[in-house]
Each structure stands twice: as structure tokens, then as C-alpha cells.
Amino acid sequence: MKVSDLAEKLNLECLYRGNQDREVTGCYAGDLLSRVMSRAGAGHAWVTIMSNVNVAAVASLTDAACVILTEGVRPDKQLEDKLGELDASVFTTPLSTYEVAWRIHEAIGA
Amino acid sequence: MRYFYDFHIHSCLSPCGSPDMTPSNIARMAALAGCRIIAVSDHNSTGNCRPVAKAAEEAGIVAIPAMELTTSEEVHVLCLLPDLDAADAFGSYVRARLPDVKNRPEIFGDQTLMDEDDTVLGFEDRLLLNACSISANEVPALVRSFGGVAIPAHIDRNSFSLLSNLGFFDRAEGFPAAEITRQCNPAVLAREHPELAGLPYIVNSDAHYLTDMPDAAYAIELPGPTAAEVIRIIKEGRIWDIFY
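From first to last, the protein sequence lines are chains A and B. Its first residue numbered 2, the first sequence is counted upward by one per residue in the working numbering. Its first residue numbered 775, the second sequence is counted upward by one per residue in the working numbering.
If you are wondering where the hints come from, they were derived from the structure by calculation, not from laboratory data. Be careful, since some hints might not be right.
[Unchecked claim] Cross-link-like lysine-lysine pairs, in silico, DSS-like; alpha carbons within 30 Å at most:
hint, chain 1, residue 1, chain 2, residue 2
1, A, 78, B, 876
2, A, 10, A, 83
3, A, 83, B, 1009
4, A, 78, A, 10
5, B, 876, B, 1009
Make a model of the complete structure from these sequences and hints.
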């Protein structure tokens, strides 16, 4: 499923429009950036409540298809300034990480 | 005697630190700002402590060796060390517990090792922005075993802080003080976290850029401007600023 389709299905608010045609091949839910760096896969939707500048670097490093900030979290100023450098699209949602993760599983079956 | 201080400054060794944060620039900027004792505390490394100490001496101020350790819970802890040999030893200890993941300079930034004349000596190739396999509750005793003192960093921040990641400050863990940023209102923080009451705190810049280094505003009462005295005063909790 493409990032754009997933975003529509989950009713995500788009904060930054990256490559929306990218296929979402999986999902990684996590907030410890060091873990995400070693575990999240390329093409994954990364679901997190972290909103600091390092999110951009980790999204690039892991080659995430998109980043979904949960519980209504929005990027802090430093992260906002970095969004333009990303390939991954960035979204926010009022849903919790758990709620987003199982909806992604339902949507893409991975 | 009162000495203006800044014990939390990042050099160009931290990938998030600006390339302008060279040992010489930091020392001179700190001196201009009115600081008499500083510490460069790079992420998970003491690699630039030696040149910073030399540059500080040339600038007429004192730099004590330090590191900003990232625990397994991604809590940042400021570790002040008594001398450069302890800094080397602690640096090695931490490096052995830092995942062997290579830095990607194009994503994270360069991790530059320099001498006191700002000559580039090389680059740290292991990513310093990772979490070490050292848990927060081990840190007070660990840093004491190297003759230093550990202070949870920027506890008022909503990421990478002891409060944000662990939820509350457990006084039983043995940290003798906490660090807050200049933006923190300690009275407000203490209302949100009553367990902080009576805990001494220090205020540092956490500067990553020369423009982050403000005019000195926080002073510590010491018999003399040495690492030993700073560590002793903090361990003994004899800092005036405390959470109410």
C-alpha cells in the first residue's frame, strides 16, 4: 500500500509531503532512537511519540517510508526545520502508537 | 570564591556539534563570556577533552574533563571527571559499551577529533549518538568509581532526560544534583515533580554552536577552580541553587 493511501485510510494529518508513492512494506513502533536505528526496516512506517530533531536523522538512516507521530504530538521547532530534507513523509494523528500500529497491520497485512 | 561556570558544552566531536566548536574557539568564547571553569561534554566520548584542557589553559580559564553519557534508556547524564587520565579510562569503558555502529556523517554530522590548535587529527568512526549498554541506575556508582560525579542532564527537557524517559526523579538512585536548562523555571518544575524538593541543581548551556554560549550567569562557590573541588562540592550537595 502506498504512503498516500495509508495516510488516507488512517486519516493522518500530513505535516510534510515526502515521496507519497513509496510502498509501505512494514511497520516499526518505537521511541528509543537507538533501537529504532538498529531495528526499523527500509520502507517501514515508523510510529513514534518522539518529536525532536533526531527523528529526521533516524528516518533517513532507516530509510523509513513515512513517520507517524502519535498522541497528537507535533515536531518541535528544530525537527520542523529539518523536514524538508526528508524523503519520508511525516504525519501526525491523535491515535496512540498501539492504535496506529494495529490499523497499519490491518491495512497492509505485515 | 565564586566562579562562573558552564559544565555542558559540545565540541565538534559530537556529531550534532557545529564544526566551529573547536577546542580553541570554545575556550576563547567561554573566556569572553566570562566563564572561569568549563567542561566539554561530548556524547559518549572524552576524545577532545585533552585539547580543550590545553586550549582553556591558553585562554586563561580551566576546563575539566567530562562526557555526556547516553544510558540504555536514552537518558543523558553529565559525567564530570577528575583528570585527563580518568577521562581516558572512562572513555574506554563507555566505548566498549557503545554499539559498534558506524557514523554516517552525511546524516548525523562529522565527529571530529582535534588538537588544541584546531588541527584535525581524525574522525571518530563509531556513531556517538547511540545508547550505551549502561543503565541509568548504574551510573552514579560507576562515575564515582572513576573519581567523578554524575548529574542527570537537562531534566526539564521533554526528550533524553531522566524525567521524560523514566517519569520521575528517584532520589534513592544517588545522583547528588540535577542539571536544568536556562529555559527552566525550577519552581514550576518542582511543583510538577515534588520529589525534586531540596535537590541541588546546576544550569549549563548545552551549547552545540558558538552562538549558544551565553554570557556567564551561573556561579559556583569553590576554594579553587579545579576539577577536584567542583566534583567534591557537587558530590557533597553544597550548591546554593536547590529546587523548592
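- Message: Please verify whether residue 876/B and residue 1009/B have alpha carbons no more than 30 Å apart.
- Response: Roughly 35 Å separates the two Cα atoms, so the pair is violated.
- Regarding the pair residue 10/A and residue 83/A, is the alpha-carbon distance no greater than 30 Å? holds (26 Å)
- Between residue 78/A and residue 876/B, is the straight-line Cα distance small enough, at 30 Å or below? It holds: about 28 Å lies between the C-alpha atoms, which stays within 30 Å.
- Message: Need the status of pair residue 78/A, residue 10/A: alpha-carbon distance at most 30 Å?
- Response: Given that 30 Å is the threshold and the Cα spacing comes to 28 Å, the pair holds.
- Is residue 83/A within 30 Å of residue 1009/B, Cα to Cα? violated (39 Å)
The earlier numbered hints that this structure contradicts are 3, 5.
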